[in-house]
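Peer 1: Build out the structure end to end from the sequences listed, making use of the hints.
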Amino acid sequence: MDDLLREFLTETNEHLDIVDVELVRFEQDPNNETILRNIFRLVHTIKGTCGFLGLPRLEALAHAAETLMGKFRDGMPVTTEAVSLILSTLDRIKEILAELERNGVEPEGVDGDLINDLERMAAQNATIDLASDQKVETIGTLAYQVLERDLLPGEVSLDELERAFREAPGPDTQTPKQHVETINDAPRKPAGSVETVDASDASASKIQTIRVNVDTLEHLMTMVSELVLTRNQLLEISRRHDDAGYKVPLQRLSHVTAELQEGVMRTRMQPIGNAWQKLPRVVRDLSAELSKKIELVMHGADTELDRQVLEVIKDPLTHMVRNSADHGIETPLERQAVGKSERGTIRLNAYHEGGTITIEIADDGRGLNFAAIRRKAVERGIASEMEVERMSEAQVAKFIFHPGFSTAKEVTSVSGRGVGMDVVKTNIELIGGTVDIRSEQGRGTTFTIKIPLTLAIVAALIVSSKDQRFAIPQVAVMELVRVTPGSEHVIERINGTPVLRLRERLLPIIPLSKVLGLENTEILDEGFVVVTQVGRQRFGILVDGVFHTEEIVVKPMSSKLRHIQLFSGNTILGDGAVVLIIDPNGLARMVGSGSEDGRFQNDDGLEKASAGSQETTTLLVFRGGGESLKAVPLSLVTRLEEIDADTIEWLGGRPLVQYRGRLMPLVASDETMEIRRDGQQALVVFSDGDTSMGLAVEEIVDIVEGKLDIELIAERSDLIGSAVVRGRATEIVNIAHYLPLVHETWARSTASRSDAAATVLLVDDSAFFRDMLTPVLKASGYKVHGAARVEEAIQILGSGAHVDVLITAIDLADRSGFELVEALRGSTRFASLPVIALAVRHDAQQIAQAHRLNVTELVAKFDRDGLLSALSELQGSLEKAA
Amino acid sequence: MANAKMNGPQAPKVADEQIEYVTVNVHGQTLGLSIDRVHDVFVVSEMTTVPLASPEIVGLLNLRGRVVTAVSLRRRLGLPDLVEEGRRMAIGLEHRGESYGLLVDGVGEVLKLHAADLQPNPVHLNAGWASLSRGVHQLQDRLLIILDVDAVLAFETQKQAA
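Which chain is which? The protein sequence lines are A and B, in order.
This note's numbering puts the first sequence at residues 1 to 882.
This note's numbering puts the second sequence at residues 883 to 1044.
Since the hints were derived computationally from the structure, they do not count as laboratory data.
A virtual CB, placed ideally from N, CA and C, is assigned to each residue, including glycine.
Footprint (simulated), chain B over chain A, 3 or more residues, beta carbon under 8 Å: (1) 226 to 233; (2) 560 to 567; (3) 578 to 590.
Peer 2: This is the structure in structure tokens:
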């Protein structure tokens, strides 16, 4: 293919893209002669060039299209059919061009169909009188668009055009294309855009642009990166050798390099409008296809970002706009019915914000159907019914990013296949970006995408581990904590698994040297913890030293090393050393391998675990007496302690220890186990408010995460049941069993709810008790709702949640459980709701009151079996009734 | 030699084609790499080890602002690492658009040899070696094994192997 043809192809394709956009605009604004003139000119250019290059098919098509557009100019009404026809002609032209690009010759074929249609449409309206004759009165200045380069052979006819447009009005300030605007508005901008059209004011400020091969720019970028590195090296040397002679020129070199770097970076910047170019056409076609009226509004098209980034987000953006058009915007009828204007709007907005660029895609449509998403999430088994009910709308909205998730009732050609949103998210996250959704029923949905400006240079924290340096991208770093034994922040261990107490939370600690396999010896507890957040997981990376933050040029990993998830790339530091860049995502995945969600507790994991969800639960595994392993949900555990057995005091045969200024009773985790009289005694501390209890265990084994699938054991009250944890049968300890052993008064509130075979509402103001009872109830096949307070319980019941049985503690923090029951008995709906009350002590007065309120059962608070049998009896009677 | 006769007088050029080899020493063995594959020869200074990488990869090094993956020829050939770590030499190679440095014990002279003199690997050559060798040249005082550069760099990473 010769250069001329190649040049023609590049340029024509660009022109066609512009014509696409302009035509759509023109259709909406048929009186805008600037647009028409621009379209006309471009098509004419294409036609002329084709003629010159001997491309008869293209020429014929372009000619026919031009003729029809000529009619528009003469005042023929602009109809949708006519525009559609021209658009499909353009599509045909593109097909031929593609073929031409592949084979170097125009493909065989006839376009009689399109040409006939075009001609017929042009002829149809030939008779229409030019009603718009008056328009011709405008003065014909000749300042239309001029190409700032040597004219291509086909463009000789510009003179002709001139004549054609002499009657047209002079250029107004409105420019025909958004990304051309950027050039005019901001002359400082680099030659990022290859367009050479100068819209207005052709004679005055001409922007000189040339076409540059992207490879050339990439190479330039690489060279500049090298220069930056060399400069950094020189600076490093001059820091060590104090030679004033070098200082000044080095300073100068440093400045020039910085400017050069910035300049070259800019050449890679392109206005985001480039990625939006196809959208008007997409939206137009969709509105036609879906019979909706949709307006596309674009703001900030001149916002620039790295072309690499642009490439990555192009398709996701298109997909999201399609989604908005298809799912978001309602049909005109639906819109009218809810009092909205017939025409829906999709709004694109892009702007800079710090080192990131924010892109919003907003529609004023129906908003996400949260109910449908919840249902679908349950159907697909992504979450349980109870979980989705508890989730906030924002959390529910996130489900649409799950692979294969679509709530569209039927699959249209546009969407509903459920592919896409997960890809969108993946693509955006790949370049370090994030997506957020806000949606309001009936008001519309807004997607907010935040992406870094460039991928090539990032700020990174340089750390060291065992004398080797690594870079951690600054975006992932939340904070740095210095840890030293004896200070405020101390690394603690649970059977060798390090954790750090950070603001009342246990932060899992990953010693970098360990993941890297840099050492087999014991890990020191001294150094820095880089607190990192990946998605909703938070964890700390333990490193030996932290140096400084440096702008690093990211270089890709060698293909031989790409399989190591831990590294996302490498870079050369100022001193010339090659340093590996740690990928926090990879680190999280590596450590969490084995469980899909990673093994770290989510930041909101504590709350979640307390709801006894069927998701993975973090368990503390320990050994009591005997062989078998025991476990308890970690969320129940307040602290792990190791105490000197000497400090244990025995009062009346019961072991106590002074703990945080109070006496804390101890209880052995197993009858066969004896609390030690000497040496160290490991304790698992549980507390609720001011009350604490220490469970003496033989040894703490591990913290593991797993799905808690409990098999009930009926005959032992100290166990909830057994479960397979990490491939080993493990007894899940029933903390409830121990509590009465040490505290009569431990029970200020407990509530439980369940709802599977039957749904239970569990009311207790102690999260601890709800945690404890929820797994028990779940294991028995109940669905459980939880509430801490009477108000909350009433709210849940009032919200229409289905509840078969109410389990409430009598002693609640705010009001008595009886008050709740009394309130319910007053309403018709809940007058006969079965109620199980949990009492701490036996009290004739309470029993009497329970009877009065028609409480089905009064069970002692710690009587797990009593509660379960009461429930199963109830269920039996419920089924009978049903 | 025999080859030239077989091809007849009209094809002496092909048969007599001379190929230049950069010779390297590893574990007392001389090996040759086709000179058009060799970009440069350099002394290895600082190297960054890559934790978790396959054993063949010794680390990453900065060669005039480029990051180069250093591969140990010894390890590729199943030889033990050099005990005393003196001045380490590396051959700069390109493979599938990426830069590699092949660590060797020492670099020798450049030899110009007739392609026709290349003899196939002895049949009982260790399979690991045979897969990396294109053949053997008989020099006066020693044997020169011609390395297949692509094969040397085509080892599998752990994940691929697994």
